[in-house]
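Undergrad: If you read the sequences in order, they're chains A and B. Per the numbering used here, the very first residue in the first sequence carries number 1; after that it's consecutive. Per the numbering used here, the very first residue in the second sequence carries number 1; after that it's consecutive.
Rather than coming from a laboratory, the hints here were simulated on the basis of the structure. Please note: incorrect hints may appear among the correct ones.
Unchecked claim - Below 35 Å or equal to it, Euclidean Cα-Cα: the simulated DSBU-like pairs (lysine-lysine) are:
(1) B/Lys-270 with A/Lys-9
(2) A/Lys-158 with A/Lys-189
(3) B/Lys-9 with A/Lys-79
(4) A/Lys-264 with B/Lys-227
(5) B/Lys-59 with A/Lys-189
(6) A/Lys-158 with A/Lys-79
(7) B/Lys-56 with B/Lys-246
(8) A/Lys-134 with B/Lys-137
(9) B/Lys-137 with A/Lys-264
(10) A/Lys-9 with B/Lys-227
(11) B/Lys-107 with A/Lys-189
(12) A/Lys-54 with B/Lys-9
(13) B/Lys-105 with A/Lys-158
(14) A/Lys-11 with B/Lys-270
(15) A/Lys-158 with A/Lys-9
(16) A/Lys-134 with A/Lys-158
(17) B/Lys-171 with B/Lys-9
(18) A/Lys-11 with B/Lys-59
(19) B/Lys-7 with A/Lys-288
(20) A/Lys-264 with A/Lys-189
(21) A/Lys-134 with B/Lys-227
(22) A/Lys-189 with B/Lys-9
(23) B/Lys-227 with B/Lys-68
(24) B/Lys-270 with A/Lys-102
(25) A/Lys-134 with B/Lys-107
(26) B/Lys-270 with A/Lys-59
(27) B/Lys-7 with A/Lys-102
(28) A/Lys-102 with B/Lys-107
(29) B/Lys-9 with B/Lys-227
(30) B/Lys-68 with A/Lys-134
(31) A/Lys-134 with B/Lys-270
(32) B/Lys-171 with A/Lys-11
Claimed, not checked - Here are some chain B residues the structure puts well away from chain A; computed CB gaps all over 10 Å:
(33) Leu-12
(34) Gln-35
(35) Gln-164
(36) Gln-225
As the list claims (entries may be wrong) - Stretches of chain B that chain A covers, calculated by requiring three or more beta carbons in the stretch to come under 8 Å of a beta carbon on chain A:
(37) 43–50
(38) 70–84
(39) 130–140
(40) 209–218
Glycine is no exception: its CB is placed at the ideal position from the N, C-alpha and C atoms.
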Amino acid sequence: MVFIAGDSKLKNQQRIGYLFISPWILGMLLFTIYPTVFSLYISFTEWPILIEPKFIFFKNYLEIFQDEFFFNSLWVTTKFAIYTTFPTLMISLFIAILLNTKIQFRGVLRTIYYLPAVLPTIAVALVWAFIFNKDYGLINGFLRTFGITGPGWLADPKVALLSISIMSIWTLCSTNIILYLAGLQGVPKVYYEVSTLDGANVVQQFFSITIPLISPIIFYTLVMSLITTFQVFTSAMMLTHGGPIDSTRFYVLYLYDTAFSYYKMGYASALAWILFIIILTLNYTIFKTSKIWVFYEGDA
Amino acid sequence: MIFVSAKIKHRLSYLLIYILLLAGTILIILPLLWQVTISLKSSNTIFELQPSFIPKEFKISNYSEAFKGMQFLRFFKNTVYISILTLIGTLFSCSLVAFGFSRTKFKGQNFLFFILLSTLMLPSQVTLIPMYITYAKLGLINSYFPLIAPHFFGDAFYIFMLKQFFSSIPKELDESATIDGCNTFRIYWNIILPLSVPALLTVILFKFNWVWNDFVNPLIYVNDQNKYTLSLGLYIFKASEKFGPKWNYLMAAATIMMIPVFTLYAIFQKRFIEGIATTGLKG
Numbered sequence: 001m002v003f004i005a006g007d008s009k010l011k012n013q014q015r016i017g018y019l020f021i022s023p024w025i026l027g028m029l030l031f032t033i034y035p036t037v038f039s040l041y042i043s044f045t046e047w048p049i050l051i052e053p054k055f056i057f058f059k060n061y062l063e064i065f066q067d068e069f070f071f072n073s074l075w076v077t078t079k080f081a082i083y084t085t086f087p088t089l090m091i092s093l094f095i096a097i098l099l100n101t102k103i104q105f106r107g108v109l110r111t112i113y114y115l116p117a118v119l120p121t122i123a124v125a126l127v128w129a130f131i132f133n134k135d136y137g138l139i140n141g142f143l144r145t146f147g148i149t150g151p152g153w154l155a156d157p158k159v160a161l162l163s164i165s166i167m168s169i170w171t172l173c174s175t176n177i178i179l180y181l182a183g184l185q186g187v188p189k190v191y192y193e194v195s196t197l198d199g200a201n202v203v204q205q206f207f208s209i210t211i212p213l214i215s216p217i218i219f220y221t222l223v224m225s226l227i228t229t230f231q232v233f234t235s236a237m238m239l240t241h242g243g244p245i246d247s248t249r250f251y252v253l254y255l256y257d258t259a260f261s262y263y264k265m266g267y268a269s270a271l272a273w274i275l276f277i278i279i280l281t282l283n284y285t286i287f288k289t290s291k292i293w294v295f296y297e298g299d300a
Numbered sequence: 001m002i003f004v005s006a007k008i009k010h011r012l013s014y015l016l017i018y019i020l021l022l023a024g025t026i027l028i029i030l031p032l033l034w035q036v037t038i039s040l041k042s043s044n045t046i047f048e049l050q051p052s053f054i055p056k057e058f059k060i061s062n063y064s065e066a067f068k069g070m071q072f073l074r075f076f077k078n079t080v081y082i083s084i085l086t087l088i089g090t091l092f093s094c095s096l097v098a099f100g101f102s103r104t105k106f107k108g109q110n111f112l113f114f115i116l117l118s119t120l121m122l123p124s125q126v127t128l129i130p131m132y133i134t135y136a137k138l139g140l141i142n143s144y145f146p147l148i149a150p151h152f153f154g155d156a157f158y159i160f161m162l163k164q165f166f167s168s169i170p171k172e173l174d175e176s177a178t179i180d181g182c183n184t185f186r187i188y189w190n191i192i193l194p195l196s197v198p199a200l201l202t203v204i205l206f207k208f209n210w211v212w213n214d215f216v217n218p219l220i221y222v223n224d225q226n227k228y229t230l231s232l233g234l235y236i237f238k239a240s241e242k243f244g245p246k247w248n249y250l251m252a253a254a255t256i257m258m259i260p261v262f263t264l265y266a267i268f269q270k271r272f273i274e275g276i277a278t279t280g281l282k283g
């Protein structure tokens with residue numbers, strides 16, 4: 001059917017379209033654009049919330065780059081991101097490969113492996129807080145049966161960061177296993193069959209078939225995990241609240257304390273903008289390399 | 001060299017796979033099992049040097065203590081209230097906007113959709129402080145307004161997800177409905193929404209999970225103990241107890257908090273897992 005719409009009809013159509021998306025337009029203006037612009041302004045002020053803001057240009061930013069707590073939090077967060085992300089990657093890839101074999105109960109196993117991701121972080125962190133307890137915790141109790149005296153997992157500044165990593169690996173693996181499993185299921189079985197005929201062993205197959213074909217997903221999950229771990233907050237609040245001796249004072253924890261314990265709104269906003277830039281850079285790397293992994297996806 | 005037949009080798013490798021996977025599931029279940037165990041122990045048997053998984057007596061009363069004494073029943077109701085309003089807001093706004101982007105035509109559509117996707121990159125910490133200051137000026141701190149209102153204005157991620165789904169519904173349906181005299185809103189309400197129940201269910205599951213587990217927003221906006229959510233209650237009771245946390249009551253409270261999420265997961269696990277696999281979304 002050939003249909004030529006009148007000018008007014010088209011305009012009316014447009015109006016309906018805008019009407020449908022209007023909630024989002026309004027929401028974007030109120031809850032994204034306005035606070036983002038406002039946040040940038042606040043970051044150029046000194047604002048102890050109760051009195052009026054004072055415009056101080058770049059002073060907050062200059063101060064931040066001389067602030068040892070800032071560098072400490074950045075360092076602690078980076079260490080945490082690395083300690084958490086890479087073991088998560090390796091463990092979940094390993095489990096996904098095992099789950100992708102012709103085993104029975106695959107559905108049940110997959111259900112169990114995914115469980116930690118749906119549970120509330122705050123409740124999970126509470127449980128782990130007691131698991132890590134020096135005297136009555138599950139881990140040290142277990143070690144005691146072998147005559148080993150475990151450390152104060154959350155009380156020792158040398159171990160606390162690692163403990164939060166352990167808990168985070170426990171939760172983060174779930175999502176990654178599901179993603180890797182989905183990726184592995186997309187690899188054509190023929191590739192393995194042919195290479196077996198050619199005499200390739202399992203290890204060779206892993207490095208020359210599996211890894212190249214799911215590398216887009218590996219890269220994607222890696223960057224997403226880095227972004228998630230860089231914003232760690234809830235579990236750290238529950239487990240250590242930044243201590244002992246600032247060994248787990250993560251970036252967002254420092255930002256939160258600056259804003260809501262010391263009410264330095266300007267300084268905290270400047271911290272938020274630096275975080276924004278870091279995350280944008282990480283996002284940019286996904287975007288930049290997406291061509292590579294989209295190509296792979298189409299190829300497989 | 002000892003000759004091992006291919007069949008035995010094959011069987012052994014599968015045995016190894018089962019053992020490794022079983023070890024993994026034990027590592028996942030053990031903390032949760034221990035949580036339930038502690039939640040059933042009496043206060044003087046929690047602190048033992050040799051952790052045991054079977055309590056000597058099952059103190060169900062810990063749960064009523066958490067519910068009533070520590071007011072977790074109230075926190076539970078508060079969280080349910082916030083979750084329901086959040087879900088209503090999300091479903092309405094996201095489906096309307098997604099419909100607008102997939103089923104109607106207007107100027108600047110692609111550009112606006114690009115803006116929508118780019119807002120996903122903005123970390124929540126950037127808008128947190130200005131919104132806090134704004135709500136403080138409006139006298140809305142210590143109310144649920146800051147927790148609920150934003151959800152009535154669409155959420156970029158779910159709009160994107162629903163748009164993808166709506167686009168897979170054949171356009172011919174709209175055309176024939178128009179010929180039958182349906183206006184655009186009726187197409188949305190009577191045709192697209194009923195056909196999108198699976199996608200809407202996915203939105204409900206993930207959004208519910210998010211709001212139920214949300215900790216940062218209640219922490220910042222809610223001070224009054226009567227208004228605590230479950231997450232805030234758990235945090236405050238763990239942090240502020242004078243003589244150390246009452247672990248058995250807290251574990252009972254944590255279990256209570258996990259039950260709704262756990263139940264939904266048990267019923268809709270397939271949808272959860274598919275949602276993750278197709279979108280890369282975090283639970």
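Undergrad: Indicate, hint by hint, whether the structure satisfies it.
TA: Hint check results:
no.: 1; hint: B/Lys-270 with A/Lys-9; in the structure: violated (44 Å)
no.: 2; hint: A/Lys-158 with A/Lys-189; in the structure: violated (46 Å)
no.: 3; hint: B/Lys-9 with A/Lys-79; in the structure: violated (42 Å)
no.: 4; hint: A/Lys-264 with B/Lys-227; in the structure: holds (26 Å)
no.: 5; hint: B/Lys-59 with A/Lys-189; in the structure: violated (53 Å)
no.: 6; hint: A/Lys-158 with A/Lys-79; in the structure: holds (12 Å)
no.: 7; hint: B/Lys-56 with B/Lys-246; in the structure: holds (18 Å)
no.: 8; hint: A/Lys-134 with B/Lys-137; in the structure: violated (45 Å)
no.: 9; hint: B/Lys-137 with A/Lys-264; in the structure: holds (17 Å)
no.: 10; hint: A/Lys-9 with B/Lys-227; in the structure: violated (50 Å)
no.: 11; hint: B/Lys-107 with A/Lys-189; in the structure: violated (46 Å)
no.: 12; hint: A/Lys-54 with B/Lys-9; in the structure: violated (75 Å)
no.: 13; hint: B/Lys-105 with A/Lys-158; in the structure: violated (59 Å)
no.: 14; hint: A/Lys-11 with B/Lys-270; in the structure: violated (43 Å)
no.: 15; hint: A/Lys-158 with A/Lys-9; in the structure: violated (70 Å)
no.: 16; hint: A/Lys-134 with A/Lys-158; in the structure: holds (14 Å)
no.: 17; hint: B/Lys-171 with B/Lys-9; in the structure: violated (55 Å)
no.: 18; hint: A/Lys-11 with B/Lys-59; in the structure: violated (68 Å)
no.: 19; hint: B/Lys-7 with A/Lys-288; in the structure: violated (48 Å)
no.: 20; hint: A/Lys-264 with A/Lys-189; in the structure: violated (58 Å)
no.: 21; hint: A/Lys-134 with B/Lys-227; in the structure: holds (34 Å)
no.: 22; hint: A/Lys-189 with B/Lys-9; in the structure: holds (21 Å)
no.: 23; hint: B/Lys-227 with B/Lys-68; in the structure: holds (15 Å)
no.: 24; hint: B/Lys-270 with A/Lys-102; in the structure: holds (20 Å)
no.: 25; hint: A/Lys-134 with B/Lys-107; in the structure: violated (63 Å)
no.: 26; hint: B/Lys-270 with A/Lys-59; in the structure: violated (52 Å)
no.: 27; hint: B/Lys-7 with A/Lys-102; in the structure: holds (15 Å)
no.: 28; hint: A/Lys-102 with B/Lys-107; in the structure: violated (52 Å)
no.: 29; hint: B/Lys-9 with B/Lys-227; in the structure: violated (61 Å)
no.: 30; hint: B/Lys-68 with A/Lys-134; in the structure: holds (30 Å)
no.: 31; hint: A/Lys-134 with B/Lys-270; in the structure: violated (39 Å)
no.: 32; hint: B/Lys-171 with A/Lys-11; in the structure: holds (21 Å)
no.: 33; hint: Leu-12; in the structure: holds (13 Å)
no.: 34; hint: Gln-35; in the structure: violated (4 Å)
no.: 35; hint: Gln-164; in the structure: holds (16 Å)
no.: 36; hint: Gln-225; in the structure: holds (17 Å)
no.: 37; hint: 43–50; in the structure: holds (count 5)
no.: 38; hint: 70–84; in the structure: violated (count 0)
no.: 39; hint: 130–140; in the structure: holds (count 6)
no.: 40; hint: 209–218; in the structure: holds (count 5)
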